[in-house]
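Position 81 of the sequence shown, counting from 1, maps to 79 under our numbering, and the rest follow consecutively.
Hint data in this document are derived by calculation from the structure and do not stem from the laboratory. Glycine included, every Cβ here is placed at the ideal spot set by N, Cα and C. It cannot be assumed that every hint is accurate.
What the hints assert, rightly or not - Estimated spans, in silico, between C-beta atoms of each pair:
| id | residue 1 | residue 2 | range |
| --- | --- | --- | --- |
| 1 | Gly29 | Asp128 | 38 to 46 Å |
| 2 | Leu178 | Gly29 | 37 to 45 Å |
| 3 | Gly14 | Glu75 | 17 to 25 Å |
| 4 | Asp74 | Ser31 | 16 to 24 Å |
Claimed, not checked - Below 25 Å or equal to it, Euclidean Cα-Cα: the simulated SDA-like pairs (lysine to any residue) are:
| id | residue 1 | residue 2 |
| --- | --- | --- |
| 5 | Lys149 | Asp167 |
| 6 | Lys168 | Asp197 |
| 7 | Lys96 | Pro159 |
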Amino acid sequence: MPLRAVVFDYGMVLSGPPHLEARQELMRITGLSEADLERYYWVDRHAYDRGDLTGLAFWQRLVAAAGLPLSAAQIDELNSWDARMWTTTNPATLAWHKQLKAAGFRTGILSNMGDSVLESILENFAWVEDFDVLIWSFQHNMAKPEPSIYKLLLDRLETAPQETLFLDDKLENIEAARELGIIALQFSTIDQLRQDLLDTGLDSDLPLPALDTTDIP
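Required output: the full structure, derived from the provided sequences and hints.
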């Protein structure tokens, strides 16, 4: 069964590394070391991604857990910088998306995403609307690697699992997709993706990512 759709995770696939200035601002405002910020940051992140917490509530809980004497205005600033931190792009994957669309494939974004971060993305990146299906986890009160969010994806795409390729940087999300029969590759770099497509024979269905993207409109 030939592939009909390609779906991208947002963070570290369509986006680039977290914005350095924003990361530094989070450390400055909290006064936490990078290691401590990282430790507190991921405690409630899944709840935020699922929509169990808003961005503001996420930061209120983090500040309380870390025992930080911050004002409401400072917490609001943390939420804003956090949203800014993920507003970066990976030009290589965006260029490949254009190749896929030109070749007639349906495309989608399936991302664990909280409300404040998505607001920042939509304010900055008009290209998001070029994808056929957009599934942001907080809007559905579910998140990867829960099977239900992949089933929602297939329903929105109107494709079978075997007709769908999914790219994500996290292995647990790839494994969850594969359990449902979705073809899935763990993303690291565009060069590795190109090699993975060749190694798996998927290049017979898909255009390979271009080595030179300057001529892609």
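These are the hints, each one checked on the structure:
1. Gly29 x Asp128: 38 to 46 Å: At roughly 41 Å between Cβ atoms, Asp128 and Gly29 fall inside 38 to 46 Å, so the hint holds.
2. Leu178 x Gly29: 37 to 45 Å: For Leu178 and Gly29 the Cβ distance comes to about 44 Å; the hint holds.
3. Gly14 x Glu75: 17 to 25 Å: Distance hint for Gly14, Glu75 holds at roughly 23 Å.
4. Asp74 x Ser31: 16 to 24 Å: Given range 16 to 24 Å: holds, Cβ gap about 23 Å.
5. Lys149 x Asp167: holds, 19 Å
6. Lys168 x Asp197: Cα-Cα ~20 Å, so holds.
7. Lys96 x Pro159: holds, 22 Å
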